[in-house]
Amino acid sequence: MGRLVPAVTRALDILELFLDGDGTLSAPDIVRKLQLPRTTVHELVTTLAARSYIVQVPGQPGRYRLGVRPYQLGSRYAEQLDLAAEGQQVARTVAETCDETVHVAILEGTDVIYIAKVDSTHAVRMVSAAGRRLPAHCTSVGKMLLASLPEPELAARIPDDADLLAMTENSITDPAVLREHLLGIRERGWAVESRESNTDVSCVAAPVHDRTNRVVAALSISVPMIRWSDAREDELAQLATKGAADLSERLGHRGVAR
28 MGRLVPAVTR ALDILELFLD GDGTLSAPDI VRKLQLPRTT VHELVTTLAA
78 RSYIVQVPGQ PGRYRLGVRP YQLGSRYAEQ LDLAAEGQQV ARTVAETCDE
128 TVHVAILEGT DVIYIAKVDS THAVRMVSAA GRRLPAHCTS VGKMLLASLP
178 EPELAARIPD DADLLAMTEN SITDPAVLRE HLLGIRERGW AVESRESNTD
228 VSCVAAPVHD RTNRVVAALS ISVPMIRWSD AREDELAQLA TKGAADLSER
278 LGHRGVAR
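Sequential numbering of the sequence shown, starting at 28, is according to this note's numbering.
Keep in mind the hints are simulated off the structure, nothing from the lab. Values in this document were obtained by computation on a predicted structure and should not be read as measured data. The beta-carbon is built from N, C-alpha and C at its ideal position, and this holds for glycine as well. The reader is advised that the hints may include incorrect statements.
Here are the computed distance ranges between Cβ atoms for each label pair [unchecked claim]:
1) Pro177 x Arg238: 16 to 24 Å
2) Ser53 x Thr124: 53 to 61 Å
3) Glu214 x Pro64: 52 to 60 Å
4) Asp49 x Glu214: 53 to 61 Å
5) Ala258 x Arg96: 19 to 27 Å
6) Gln107 x Glu214: 24 to 32 Å
7) Pro85 x Arg65: 49 to 57 Å
8) Gly279 x Gly94: 24 to 32 Å
9) Arg259 x Gln116: 47 to 55 Å
10) Gly101 x Leu61: 19 to 27 Å
11) Arg119 x Gln265: 41 to 49 Å
Construct all of the structure, not just a fragment, from the sequences and the given hints.
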């Protein structure tokens, strides 16, 4: 475990104080409760206020309450909890239809995190787990999510000189090649990954939208190469697209999921 950063710990201690009492605090209150120097508290309070984690209480100079930022973070957390629960149910339905391994994943930085998984009943199947993190460019879910990003955001996450990890000899390691590949995914509406994260497995993935039409996740179907074919790819792409659309509907999406 890495070293804890004292300034961050103190800032979080301040935020957690707002969980008690009437939800408002002054700088002297914080000094007294946390036994911190006044200068330190002033700097931390100023920083938290500048980032909208706390705001001054109207009509009460020197007193603060929680700002909009903790609400946004809490809303995102709740959204992901709902997404994981709904994703698990939809993944189970899709897996029952095709008897292959189904995942739901979200994008974090340049990685994907699997938040739901249902296994195939076949003896030969993909070994994975919910909570696993993989490089986005090596997976179908990751490429689907990267393809859904606005160009400026994609460029910020994966610049032209990015050093892309190769998980297998089939992994895309050139950012320019990846961008061309993502363009094809945008046009097609679904992604495929052929032995790029595991030499024995190929996957297809489709985007999951929320009620604002934002892509918040991707649903994939993973198949060992012994059961993979071009015809199966098309069949599973349609099934993944339907499953992703069903999950999108559960999240409040009402538009065309493209």
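Each hint, compared with the structure:
Between proline 177 and arginine 238 the C-beta distance comes to about 19 Å, which sits within the given range of 16 to 24 Å. For serine 53 paired with threonine 124, a C-beta distance near 59 Å keeps the hint of 53 to 61 Å intact. For the pair glutamate 214 and proline 64, the beta carbons lie near 58 Å from each other, so the given range of 52 to 60 Å is met. The hinted window of 53 to 61 Å between aspartate 49 and glutamate 214 holds, with their beta carbons roughly 55 Å apart.
Hint check: alanine 258 to arginine 96, Cβ distance near 50 Å, so the stated range 19 to 27 Å is violated. Distance hint for glutamine 107 and glutamate 214: a CB-CB separation of about 29 Å, consistent with the stated range 24 to 32 Å. For the pair proline 85 and arginine 65, the supplied restraint of 49 to 57 Å is violated, since their beta-carbon distance comes to about 24 Å. Separation of glycine 279 from glycine 94 is about 26 Å and conforms to the stated range, judged on CB atoms against 24 to 32 Å.
Range check, arginine 259 to glutamine 116: about 24 Å between beta-carbon atoms, so the 47 to 55 Å window is missed. Checked against the given bound of 19 to 27 Å, the beta carbons of glycine 101 and leucine 61, roughly 23 Å apart, stay inside it. Checked against the given bound of 41 to 49 Å, the beta carbons of arginine 119 and glutamine 265, roughly 18 Å apart, lie outside it.
Going through the hint list in order, the structure does not satisfy hints 5, 7, 9 and 11.
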